[in-house]
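Asks: Residues per chain, in single letters:
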Amino acid sequence: MLIKRKSGEASRTKHQAVAAGLASGTLDRRAFLRRSGLVAGGLAAAGSIQLGSVRKAQAAGSSVSGPEVTVKKNICTHCSVGCTVTAEVVNGVWVGQEPSFASPINRGTHCAKGAAIRELVHSDRRLKYPMKLVGGQWTKVSWEQAIDEIGDKITAIREKNGADAVYWLGSAKFTNEAAYLFRKLGAFWGTNSVDHQARICHSTTVAGVANTWGYGAQTNSYNDIRNARTMIILGGNPAEAHPVSMQHVLSGKEINRANMIVIDPRFTRTAAHATEYVRIRSGTDIPVVWGILWHIFQNGWEDKEFIKNRVYAMDDVRKEVAKWTPDEVERVTGVPGEQLKRVAQLFATQKPSTLIWCMGATQHTVGTANVRALCILCLATGNVGKPGTGANIFRGHTNVQGATDMGLDVTSLPLYYGLVEGAWKHWARVWEVEYDWLQSRFDEVPAQAGRKARSRKENMEAPGITSTRWFDAVNLPADQVDQKSPIKAMMVFGHGGNTVTRLPDAITGMNNLELLVVADPHPTTFAALDARKDNTYLLPICTTLECDGSRTASNRSLQWGEQIVKPAFESKSDYEVTYLLAKKLGLAEKLFKNIRVENNVPLAEDLLREINRGGWSTGYCGQSPERLKAHMKNQAKFDLVTLRAPKDDPEVGGDYYGLPWPCWGKPELRHPGTHILYNNDLHVKDGGSAFRARFGVERNGQTLLAEDAFSKGSDLTDGYPEFTMGVFKKLGWDKDLTAEEMAVITRVGGNTIDAVSWATDLSGGIQRVCLDHGVVPFGNGKARANAWNLPDPVPVHREPIYTPRPDLVAKYPTRPDERQFRMPNIGFTVQKAAVDRNIARDFPIILTSGRLVEYEGGGEETRSNPWLAELQQEMFVEINTRDAADRGIKDGAWVWVSGPEDGTQTKVKALVTDRVGKGVAFMPFHFSGWYQGKDMRQYYPAGTDPVVLGESVNTITTYGFDPVTGMQEPKAALCQIRAA
Amino acid sequence: MRLGTMLTRTFIAATALMAVAAIDAPARAQAPTTAPNPTADSVNEDLLFKQDPKIHGRISIPDQKAANLIQPQGREWRGFHEGWMPWIGAAAILGMIAALALFFFTRGRIKLEHSEESGKKILRFNGFERFTHWMTATCFVILALSGLNYIFGKRLLMPLIGPEAFATLAQWAKYSHVYLAWPFMLGIVFMLAVWLKDNIPNRIDWQWIKAGGGFIGKGHPHAERFNAGQKVVFWMVTGFGAAMGITGLMMLFPFYATDINGMQIMQGLHSLIGVVFIAAILAHIYIGSLGMEGAYDAMGSGEVDLAWARSHHDLWVEKEQAKTASGPQLRPHQAPAE
Amino acid sequence: MKAFAVAVICAVALGIAASYVLATSQKFAWQAFSTTSARVSQPGTNLVGPRWTGDVKGPHDEVAGDPQPGKRS
Amino acid sequence: MARMKFLCDADRCIECNACVTACKNEHEVPWGINRRRVVTLNDGKPGERSVSMACMHCTDAPCASVCPVNCFYTTADAVVLHSKDLCIGCGYCFYACPFGAPQYPRVGNFGSRGKMDKCTYCSGGPEPDLSTIEYEKYGSNRLAEGKLPLCAEMCSTKALLAGDGEMIAQIYKERVIKRGYGSGAWGWKTAYRETVAI
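Protein chains in written order, with the working numbering: chain L, 1 to 980; chain A, 1001 to 1338; chain Y, 2001 to 2073; chain H, 3001 to 3198.
Warning: the hint list may mix true and false statements.
To be verified - Not close to chain L: a few residues of chain Y, all C-beta gaps over 12 Å, as computed: (1) F2004; (2) A2005; (3) I2009; (4) R2039.
To be verified - The calculated lysine to any residue pairs, modelled on SDA-like cross-linking and capped at a C-alpha distance of 25 Å, are: (5) H:K3045 with L:P336; (6) L:K909 with Y:A2032; (7) L:K484 with L:E461; (8) L:K890 with A:K1054; (9) L:K907 with Y:A2032; (10) L:K890 with Y:T2036.
The set of hints was computed from the structure by calculation and includes no laboratory data.
All values derive from a computational prediction rather than experimental measurement.
The beta carbon of each residue, even a glycine, is placed where N, CA and C say it ideally should be.
Hey, can you work out the whole structure from these sequences and the hints?
Replies: Structure follows, in structure tokens:
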């Protein structure tokens, strides 16, 4: 259907033309252009009256032999949609970008960022060589010196303050392999304080969704949205954050004449295309969802059979929902009952319906509860596990899903094995290291402030410190931080500093650190905002376009990206830097036991094979590098909607594109991957499954296993628990295992062979046999409407810490103060103080933050790209026309936006618009480099300052953390705005 | 071949949508839903054109003129500029030349009336005045030619000398137009400074006009330093000059004072006034040179024949001689020969 | 005749002077369309001129330099 | 011969600006020159729509008509191109262009704004196809390679259509019939003196 351009003579001629002036060797194209006067310099001077206009020059003669054009495919790094980037490379220089028509995900298209991604590699603002601060001056150092000094310093800190004093902040820009390697390094170093951006974007999604039905990921796919007849987009603005996904959303809307309902405080570019827009007050998602469910239950629109067969404890939800009458919902959220009734009817009756959410739902002190409520809405209407339904969670970075999967998370080892002993032992087996040695790497934590001491083993199993609060763990008194010592060193890989709330506290934290290492293509806010004088290192990392490896898109599809060009300047890949550090720390031999290292660069393929060998729990076992590469080669064969290749294809026959996890068994088994999670209309071998039986088999006399529901072709025709050798023996299926498989299982199980499960069996035998019997290895359970292990088992509304409605706090207070992730969470105290001091009077405007299409995350990369930077040159605040009129603020004028904590303020441009309602302000979160009115450009190492700088919204965002994941609260804060 | 590929790519760009529908037809065979029409209240071109003659929105780049989406006035301006303007210009200029030729052939050259004072000179314009006149005049000629080049160059000149040479010439013309506008405008200011006081209209002018300025019939009506005809020329030059200056500046500094439509209007005015100005100046040149014997000397050497002066500017001559009884250039006043 | 000659010379001189003055008011597109929050390097002009060396010398092109020459590495 | 046109389906356009950066990427267009841009109408109000706009390559193009040096020409594909050798940077085309397409490397006074630059429909200029000189003056020539303009090829939601006018009109028509709404082919009346009748 998609017709690809012939890569014949024609395309060669173009590059012949472009490269005609390219000297042999590795002359950068930009340098070439500059020399030819295309880029730099001025124009014909007016006064000098250059005549004759542009002189004709010789056309490139046909005698010039055409240069070799290589086409490389990688994955766009700017969001989780997973657009294929097709690069044309001549003499090692990336000269052109072509549409990737073959990709079933983006079908040739890009957003502003993807279409400008070539510049990322060429950017003259990149960090070009390692640097360190010497007496406040940036000084060039060699890689050897940098690694040497960093290694010595963290070793010294480790000896003095313990392993937990070094914080390992990873990145969602890592490939799966780099993320996995980084987590492994953290484990070998002896700490669980290994985190990445998922903390601040979808940690609550992962926690909420996984606690509902088993896995914390998007259940369907972008493409599958084309099947939906009703879609609700709540707290998401895909038109700006995931533009290419809108291709599928809008196509679905058009083909099915689907209802597209946008629920958001802000009339976004997405809302402009909606069939219904619901404006809510920030931070009242649960009342809105319960308000919708109220109408659904009231009118009997729920899917009763689905609930009976596949959902646990929906009645507990009914009780909570009953409290949310239309009147109360309107009082709290501002949404009229009639409108919610309309939405409820559409969602429940015009099926299939899908629920799409993003950071508007997750970034709250009640983030996990929000996500849970959204899942429950899907469950109540039976909208899970079928085409066109599901929780379509749009994640933020190219590999934030993969990096989460790989365990860049303070609560888990790779692939969600958790931190329990069994998990450590599993990975010790995969890594072929001694469990005891791993344990010896961890600190013993002394008793302090009335808390018990922790042994090495206990510390090994205790969640680390979240990235949202690393600076609290630096700044707080030592006895408040529940580990051997507060944090002394930050190892920041590919992570901006400005995306975390409470920037002033972060700056204090930066200044209190003994060592700060920033490894990134750009200096980032971490390196540039503070006024540190020494002990700060910048390591130039190449972009992910300059390295091989797989990336997991939001829909769980893995895509193999190949190195487009060699790392530019002196930059090195994450792989290489991790290797060099490990070598310096004396860990290299153990860390790379089964991984080939060539010229200091560990092979991505080998890393993926190791992931395959250990990734049973999440079905990361079947995606071998060879299969993934075959998928990239055969992209055009996959169907646009089902994402499946024809069965008869020799290389990818029957596979779903990118082998979306879970992809069961060993690669040789050729499981096609799972396009739609929990879909029991398909055989497991065709990607069918059920809700994961993750939470036991029974609770309070009710079964937690599915009733009368099972995947197609299953030998077991009712619910069943997850599979272990014990279960296998009962069923007599152990006989189906081969001798080799049994040998491995015996080795794994030792004395307790019955406990060997589908997730710990390194042979893959249990999974293979499960598939043969048509059953899902993780069991066939019920989804939980009541997640009893969470702080709020059934979600309840809680007002934001800084609420514009103090009158509601008495009825809907935030959770009591508690200790979480080794630190106190004093949300309740802060909320009470805010109400007592009547903060809402002085700061009457709700401040919410979000994304712009041109930028991503902390924005250093994208703000350094002139093609993007030109389009958004100034940090701004969206302010409602009436609020602006009241304050005498004109569109485009400078204003001060101030926050309620510590008198912080930011100087930004006013964008007067009705996108936001009265009493609401919106600021994008991508900016940094200005701080409280001061331009900090001078603090960047010369020549590495991003093109555009601006105030960070997080200078004025405030306290508030989700109790389950430590998620911050940047979506419902308060502020005041005045003309500057 | 090439076309074929392009056409197929056209299909790629969007037919996927239809293909999908076909593939997935069974899943969505249900009847269309009652989803409200989301574009029922969406903006459309006709609606916006009813509100405003051009469509204007919001844009994030600082170049705010880019926020104009469509300005159909461009086509109207083009219609005027390419449709009407060449004809208007041609008519004005050729018409004036024709009129002057007709006048010349019917009335002939106005001769100097010889008298006893013939051969005696009186200073009519001092050096600065002549300098001002000539600076303005030379600039005007270049401006006129380079201005006309914008309209007629490609029609008349380009076919003769070829596009490349013409483009070079046009580039010169454009620069000279823009830069010589400044001495021209300065000249206008100087003219106002030195001649304004002599150009205030009064009753004598009325009589001069009633008498037909001496062109019709015999004898000369009274006139001061400048007769009504010259005053008209003065006010025309300064008025048109100012108008050309203002409209020109509006275009020279785009978007400082007016938007695109304002500039279109300015351009229209500039060219219309321009051709009228040129036509009028042609007449002025005619009278100052070919049309009247002795007139040229006023700006040539500055000195005119006293007899000419007396017949054309009798009151001025009286005044000058009264004022400068001991003036070196003037002979003592003698009683008019009756 | 002298007045005429002087006038022509003056007109030309003023025209040339005007060209210089006007050139100083002239901005490159990248200067005109960038804000105080942006520092643009290697701005380029438009796609003109294969032989264009990029180094224009003369009073009219002082604006062509980098706004913060000290910042370049 | 094909009659090349652009059509922006405003009911698909989400102002993602991919067309803008794709253009910059393909032709290395410098900062301040915007061959293509996206304008949002009724911003923040119900009925808001965004439209991507560049040179529409008009029928009987006004720019070509008013150019005092006749530097414009129309290709066999009906693409309106110009010669930077002949252009004197006078700015008349900017007055005449209904779509604000002409760009100038200098801003300020009229006289010396430099050679006009605009969207070439990714088909270069008067120089020999695919020559280095053509690339340097006008950017790449995708049409000569059998490709369409990159802005349309990369449009995230396939809102921006490029190709033969009748074909893209047909595609748009079918879309509108399928989905039941359409705010029209923006700019077509002004550019081509026709509209897509549904």
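Asks: None of the hints should be skipped; say for each whether it holds.
Replies: Here is what the structure says about each hint:
1. F2004: 25 Å, holds
2. A2005: Holds: least Cβ distance 23 Å, greater than 12 Å.
3. I2009: 18 Å, holds
4. R2039: 6 Å, violated
5. H:K3045 with L:P336: 19 Å, holds
6. L:K909 with Y:A2032: 18 Å, holds
7. L:K484 with L:E461: Roughly 15 Å separates the two Cα atoms, so the pair holds.
8. L:K890 with A:K1054: 23 Å, holds
9. L:K907 with Y:A2032: Satisfied, since the Cα-Cα distance of roughly 22 Å is no more than 25 Å.
10. L:K890 with Y:T2036: Cα-Cα ~18 Å, so holds.
In summary, the one numbered hint that this structure violates is 4.
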